[in-house]
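**Student:** The residues making up each chain are set out below.
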Amino acid sequence: MHLAYPAVLAALLFCTGLYGVLARRNAILVLMSVELMLNAVNLNLVAFDVWLSKAARDTLHSGQALTLFTIAIAAAEIGIGLAIVLAVHRNRGTSDIDKLRDTAEGHETVGPDSDALTAGPADGAGKAEATA
Amino acid sequence: MTHPADITHPAAVTLAAAQHGFLSPTGVEIAFLLVGLATFGAALVTVTTRQLVHAALWLVVALGGLAVEYLLLTAEFIAWVQVLIYVGSVVVLLLFGLMLTRAPIGRSPDADSGNRWAALTVAVAAAAALVWVVVDAFRTTWVDLDGPAAGSTAVTGASLFQNWVLPFEALSVLLLAALVGAIVLSRKAKAESSLPPVNSRAATGGSPSVPDSRNHPIGGTARSHAAKPVAGTHPADQEGAR
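Those protein sequences? They're chains R and D, same order as listed.
When we follow this note's numbering, the leftmost residue of the first sequence carries the number 1, and every step to the right adds one.
When we follow this note's numbering, the leftmost residue of the second sequence carries the number 133, and every step to the right adds one.
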């Protein structure tokens, strides 16, 4: 088999996952896209291991061993990631990663703009209440 | 341009190029191509569909297609591990996550964020660069699939337990750490939400369960009026659920 087939498929799957990570808004959809990227890497590892085990007499089978390790680490990652997403959803009531802007720079200037239209004259009372 | 394979095995590469042709694909290559097209299409639908549960189900198709690709590459143990772990447990975990976060059934218009076109640009540029580099580098490289399977269970098990024992055991420790970490993450939230009812009756504004009142100290304002009954009922609600 030509080695370009699995290599090109892995590259395309990786870029699909990259698009998903960048474009999705729900945290669980981002986790799905991360799974796609990890699987693209696994396909590359397996294809190159099969090639090298015949061409270069690589008896370690390092590609397949690393694939198994990647699968196990991906399982651990999905467990921890879902625990984090569920904790965030329990505390904030959303799993929308665009709204989790605690560590974003300048979120004080971005945030109130949407609220300033609706807040109106209750601003002063609300500020006192929020600091109390 | 010099290829890495040209430097190492010039004779083998020319021999392989003489034996194989670009325009006469073998049956394995055709099967790989068809399954690869299905896998890539399912992956595309996974990252573009607006129905969240459908995304998880299309992910099953993509991961199952990858298992078939592993079988075509004679890595059968990896293929069955893929079916067991990815299709069997990871997708089920993702579906549990979708349902526990009350994902809407049906189309949700805000599944994609505003930077979709920037993401598309980055992904297409990365795909073009990667495909070009990969095709150019491995143009004259063939995988020999004849002979004994490169990834049968006996071969994989022997290499795993002869050469990779220490990473294997370290991986088991990592899985244990991940298990403990997931338990700690889900317990910590409960402990935090059980503490506030003692002192959050007086000052509900500072309770951590009020959404957004900390993020927007000025704009949290009119929302804190609406969030006040939520702050009163939320810990009690969770206590009742427990």
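A few of these clues could be false.
Claimed, not checked - FRET-style restraints, in silico, Cβ to Cβ:
| # | chain 1 | residue 1 | chain 2 | residue 2 | range |
| --- | --- | --- | --- | --- | --- |
| 1 | R | ALA56 | D | LEU189 | 37 to 47 angstroms |
| 2 | D | SER156 | R | ILE80 | 25 to 35 angstroms |
| 3 | D | ALA269 | R | ILE80 | 10 to 20 angstroms |
| 4 | D | SER318 | R | ASP102 | 16 to 26 angstroms |
| 5 | D | ILE237 | R | ALA56 | 46 to 56 angstroms |
| 6 | R | LYS99 | D | TRP249 | 50 to 60 angstroms |
| 7 | D | ALA163 | R | ALA56 | 19 to 29 angstroms |
| 8 | R | LEU60 | D | ALA257 | 16 to 26 angstroms |
Simulated from the structure, these hints should not be mistaken for lab results.
For glycine and all other residues, C-beta sits at the position ideal for the given N, C-alpha and C.
**Student:** All hints, please: hold or fail.
**Tutor:** Checked hints:
A hinted range of 37 to 47 angstroms holds for the C-beta pair ALA56/R and LEU189/D, which are about 40 angstroms apart. In this structure the hint that SER156/D and ILE80/R lie 25 to 35 angstroms apart at CB is violated, the actual value being about 48 angstroms. A hinted range of 10 to 20 angstroms for the beta carbons of ALA269/D and ILE80/R is inconsistent with their spacing of about 35 angstroms. Remark: the range hint 16 to 26 angstroms for SER318/D to ASP102/R is upheld by a beta-carbon distance near 20 angstroms.
Checking the proposed 46 to 56 angstroms range against ILE237/D and ALA56/R shows it holds: the Cβ atoms sit about 51 angstroms from each other. Taken as a hint, the range 50 to 60 angstroms is violated for the pair LYS99/R and TRP249/D, whose Cβ atoms sit roughly 21 angstroms apart. Between ALA163/D and ALA56/R the beta carbons are some 26 angstroms apart, a value that agrees with the proposed interval 19 to 29 angstroms. Evaluation of the 16 to 26 angstroms hint for LEU60/R and ALA257/D yields a failure: the beta carbon distance comes to about 35 angstroms.
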